[in-house]
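Residue numbers (the numbering used here), protein chains in the order written: chain A, 521 to 903; chain B, 521 to 903; chain C, 521 to 903; chain D, 521 to 903.
Since the hints were derived computationally from the structure, they do not count as laboratory data. Worth double-checking, as some hints may not be accurate.
Because identical chains share one entry, a pair is satisfied inside a single copy or across any pair of copies.
Calculated cross-link-like contacts (lysine to any residue; reagent style SDA-like; alpha-carbon spacing at most 25 Å) [said to hold, decoys possible]:
| hint | residue 1 | residue 2 |
| --- | --- | --- |
| 1 | 883 | 668 |
| 2 | 883 | 753 |
| 3 | 883 | 897 |
| 4 | 883 | 637 |
| 5 | 883 | 650 |
| 6 | 883 | 804 |
| 7 | 883 | 621 |
4 protein chains.
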Amino acid sequence: MTANDLREIGVGMLGYAFMGKAHSNAFRKIAYMMWPPPLRPRLVAIAGRNEEAVAEAARRYGFDRWTTQWQELVADPEIGLVDNLGPNDLHAAPTIAAARAGKHVVCEKPLGRDADESYEIWRRVAATGVKHMCAFNYRFVPAVRLAREMIDAGELGELRHFRGRYLQDWGDTTERVWRFDRGAAGSGALGDLAAHVVDLARYLVGEIEAVGGFVRTFIPGREVDDAVEATVEFQNGAVGTIEATRLALGRRNAFQWEINGSNGSLFFDMERLNELQVFRADGDRARGFKSVLVTEPDHPFSEYWWPPGHILGWGDTFVHELHHILAAIAGDTDVAPHGATFEDGYRAAEVCDAVVRSSENGKREAVAYRMGPDTDEMRAELT
Amino acid sequence: MTANDLREIGVGMLGYAFMGKAHSNAFRKIAYMMWPPPLRPRLVAIAGRNEEAVAEAARRYGFDRWTTQWQELVADPEIGLVDNLGPNDLHAAPTIAAARAGKHVVCEKPLGRDADESYEIWRRVAATGVKHMCAFNYRFVPAVRLAREMIDAGELGELRHFRGRYLQDWGDTTERVWRFDRGAAGSGALGDLAAHVVDLARYLVGEIEAVGGFVRTFIPGREVDDAVEATVEFQNGAVGTIEATRLALGRRNAFQWEINGSNGSLFFDMERLNELQVFRADGDRARGFKSVLVTEPDHPFSEYWWPPGHILGWGDTFVHELHHILAAIAGDTDVAPHGATFEDGYRAAEVCDAVVRSSENGKREAVAYRMGPDTDEMRAELT
Amino acid sequence: MTANDLREIGVGMLGYAFMGKAHSNAFRKIAYMMWPPPLRPRLVAIAGRNEEAVAEAARRYGFDRWTTQWQELVADPEIGLVDNLGPNDLHAAPTIAAARAGKHVVCEKPLGRDADESYEIWRRVAATGVKHMCAFNYRFVPAVRLAREMIDAGELGELRHFRGRYLQDWGDTTERVWRFDRGAAGSGALGDLAAHVVDLARYLVGEIEAVGGFVRTFIPGREVDDAVEATVEFQNGAVGTIEATRLALGRRNAFQWEINGSNGSLFFDMERLNELQVFRADGDRARGFKSVLVTEPDHPFSEYWWPPGHILGWGDTFVHELHHILAAIAGDTDVAPHGATFEDGYRAAEVCDAVVRSSENGKREAVAYRMGPDTDEMRAELT
Amino acid sequence: MTANDLREIGVGMLGYAFMGKAHSNAFRKIAYMMWPPPLRPRLVAIAGRNEEAVAEAARRYGFDRWTTQWQELVADPEIGLVDNLGPNDLHAAPTIAAARAGKHVVCEKPLGRDADESYEIWRRVAATGVKHMCAFNYRFVPAVRLAREMIDAGELGELRHFRGRYLQDWGDTTERVWRFDRGAAGSGALGDLAAHVVDLARYLVGEIEAVGGFVRTFIPGREVDDAVEATVEFQNGAVGTIEATRLALGRRNAFQWEINGSNGSLFFDMERLNELQVFRADGDRARGFKSVLVTEPDHPFSEYWWPPGHILGWGDTFVHELHHILAAIAGDTDVAPHGATFEDGYRAAEVCDAVVRSSENGKREAVAYRMGPDTDEMRAELT
């Protein structure tokens, strides 16, 4: 195969900050790290509100052009994939517009600022038939994928417990960022962190049936929640907790979860993202949790990287994630189950909304999920 | 001081199994490990239902005599302290009777099988004026005491989060033990494990205001709960979770808790009971959780033991605990705050009951605590 | 069995400080922790140079009498076992005299202050036919015994590497203790710490063939070495390092060792003495070091203690050690291989001496071991 | 600044395998991760012996052209930097030729197959005046740089101990790779792994004065060593050990080192390359090793990456390394001290050679270092 044989896909990106850097880097690396790539991404255009900053980002990451009007991405015929990394209040309109223009779409999590908005995004985008992925990137951590594969293979037996918590500690600040703005963000730790916990809970354990708990704001004057505490019940009978906070001093990016089944257990901490702790009830006299460095030749994604023991970084997980959507586009295959679709994005929002309701009414809340668009809707959307 | 100068106290023990061994060992070690002991415990009599077993225990641990009738402990004039280690349904009657006979009392946790029974034990015993301690032994782990001292000194600042879970894995069994019998035990993981979490939550963070959550039984036919999942709110504004299970494979005695404050964080795991993880927001460029081996000369209880770095065992914590009640008796000092009184035992039961109510009605439950006996009650009790 | 059925053995102890406390505690616990004990130890007499202190120790630990003349222990007909915990310069004479008086002997490590003295102790004591054990107590840590059993069973395959280091950090002091006195101690970190490493190397891997390296003194004016650095070659072909220091800040009692074989690896740290790290090359996709909490029913010594997950302390290992010599006396069985005999004490001294020679001459030194006493010697000794 | 303002440097690469991938990736990322880059690297040409493979690598990584003749890199006027990643026997000739052609050079470690060859490479290249860097990439791990900065600032006080070991486990194989070929590799674990330990020992602790120890081959028929065991003495008085092996099962890339000073200690393991363990003798009651996640805003290199707690991967360290040489070229600044120059490469080889001599003669070996080229040599070289 020659480089020229590779089909290209034009990428339009909305947002140039933290996530813009992570995704731009990933698109650039796919082309040689996952060789041959299913599609060679070309960075066509990047959109952002600050003209100077977006121009600089375009030069830095190698986009052909930049704009302060996201509508230009939607209208750009060279763009086949729109990657929406804007703040939460900019998820719906550009994403829906891009899909209606026939572009495949990636949208940062949380999909919308609440279940209603998320549902609307899903419904309208799904109706167009494009590929859609909600950027729950932690599904693409090798240890998480390995966990999923072990669970799928029945290695843990019947699942009984999930304990997930996403702990950060930057919230005790007077700095003003959009993540503290209710209008822009929708919520605080809930949509930012707990949504990740909900997504991995669903990905690893199964559908969530009910939650109970509350959100809490500690910092005076803050518009959004600083912390979330919830119990969770799964449709398969497993139970546990979901927690998130921006106020756990010393925990910088500690997305930790544990799963206990009737045959074994798993534990993970994102601050050690190359390691999966595995307990097997195999009768070995020397029993205990194994610290598995997920870099072995038979481990997920390792084929693309380095020899065993040479660890990956947080940034590398985006390479897997964006490769996944490119492969789905190239092969017209499903984004699910390993990629989070907009339906997954919506369902996570339903769970988060249920926590908010529980917080308000003090009751354990069943989670009801709405159906996707039917054929008529899809037909209507496309006309 | 000569050995003869030491005042003795006669100990009567109810129960000879796991806890009987732990407490007998502790009483024997106090006499020389914590030299000079406040009172020299003499093992006067041990009571149990199985005649052969209790006789063997008496020989083994050096009790002067044994009996199958706990009432004999109550009647024995040589006994000044009754240590009740029987199953939960044998907590109330012997403990109350012993106190009314003027004996100081230690009672295993949970104090009663529910809040009503616990309240009754507390009320009746407190009215007699004897010293009473509920055997929440984990308060006497050096790392736990150090944590308390750090919190008392304000080193963590304002407390925001408590995440406590007590994970064991022996519950997936068909073995029949009294802990699975509702009549004998009252509850399962709730009273056995979650009560410990509640007690340390109260000891370290403060009084609990509300809980929400549920108990869950996984093993078919089991009379008691296998697991507890709850959110918790403290009177001081901290929030978090309380969990317990007997079904977390690979977790043998993993009583883990984390506390986050505005100035620092603590983490602990009973499987590494000599280690306290400490994070301080002190601006050190080299920041992170410190693994503190709690065996230093300026650490709690270390004066009684070995040089730094030479770790203690689980069994050693009972030496601290029973030394504490002996010192309180000898000096007529309060068991609180470092020892759990029967009021603490009762309050833990109120929290556990609130989880059960929440489990049944699906609502977050405020926890209301009853008052102790008033002077009239105390006068009546003693006549 | 009644308590009266138990045969007693009278114990005479030389030394009442740190090790006196550890051994007294152990003798007292054997009687009920390891029930029924092979022999019930009676604490007959304790000897020490400071009259007030030894008298206090006798009262504290329950010895029938005390003396400032160790010769009285030797002469005491009620004493069947002399436990020599004195400083290193007091190992030879009392131990030899006790053995010649027909008493079984335990002697602290290092057996003598050098190989010559150690050899003399071994030769003369072995000639008498009494049981002798050099108190390398770390052989009696459950994780160490488990390691030995795994190696004996071939679970590690061919052994290739041993890396042992004993790190402490109290050496940077101007305090004057006998361990810094060349006459009393013989050496510094070498006999105090490296000897332990040598003993476990021999116990776990096999006989040592050669060493190269040096001792080093950092603190000005100190008479003994602060640190030891050496390479080691075993007769079975394994190679590695032996290190010891009193100047590793932050390492309080970090006796760490790793063994690599052709089928697996083990790692251990005495600061986490309940945990053995085990790697098995078993082809499991989830491979890595297991953290084995050595408290399971099928683990060494666990039958004497608590349920799984309830950890032991450093002090508890002496209970195993002294139980071992009592069982050997009661059953007339060999102290070896699990107990270190005086021959093991001597051989460790030969290795340490070879490090000193290497330090002086800059050459890798083969280790030659002298033979034990022959029949004629033994006959002569006893007449 | 516009992208066009950036000065370019043409890169020629020799080698396209494991290291070719790592370096190509790094060159590509520098351009946007470390924005603005000191020079924008252009991948001009890649050389390798297998025509098909090198052509594929050129397409994959984006080199303008490829060749099977490394001499073409040397002759190429568009190339300003030659990056030699070939097997060890291909280090000398291309590297020297490139330098003599006026190109800056990076050469993989070990610089040469022994001290003589390494010295020759250093001498000849240094004489030309180009920038040269030996690719000891581990100097560019953030935790290693932080360690160096802490040591430079005196935070550890007087250094006393260094214990370094590089443990891998892939050596027990019948696979034939050039690393087992004495002609191609020069040595086994010595040059491959121990050289890294030597380099970090020199970088962090100081110049090495003497070593004693040996190399050992376990696998029958293997031409090179499988393991290295050595003691080490530094010019500043510190002492310790240097070890390396390819036969430590379960250790995949465990480059572990510990440094003890009079004020503190550091510990590091490359399998957790984002974490530095730090002990400070600061009198804090809560003392112990801190687990420092080296991703904070005031930590080395973090400015180029992600928010705190979002870890780097092994591959990312090459970005730092190659950025360093580009900055040195752009600013005409020294590669030392943070980059390893060819003098460092040579000095590491002298230490490794001393281990080999010690292995052969059984003696502790002083390490003598040769001087660099003098002015006359340099003049001669350039004419």
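Hint by hint, here is what the structure shows:
no.: 1; hint: 883 x 668; result: neither (31 Å within a copy, 33 Å between copies)
no.: 2; hint: 883 x 753; result: both (14 Å within a copy, 15 Å between copies)
no.: 3; hint: 883 x 897; result: neither (35 Å within a copy, 39 Å between copies)
no.: 4; hint: 883 x 637; result: within (24 Å within a copy, 28 Å between copies)
no.: 5; hint: 883 x 650; result: neither (39 Å within a copy, 42 Å between copies)
no.: 6; hint: 883 x 804; result: neither (44 Å within a copy, 43 Å between copies)
no.: 7; hint: 883 x 621; result: neither (43 Å within a copy, 47 Å between copies)
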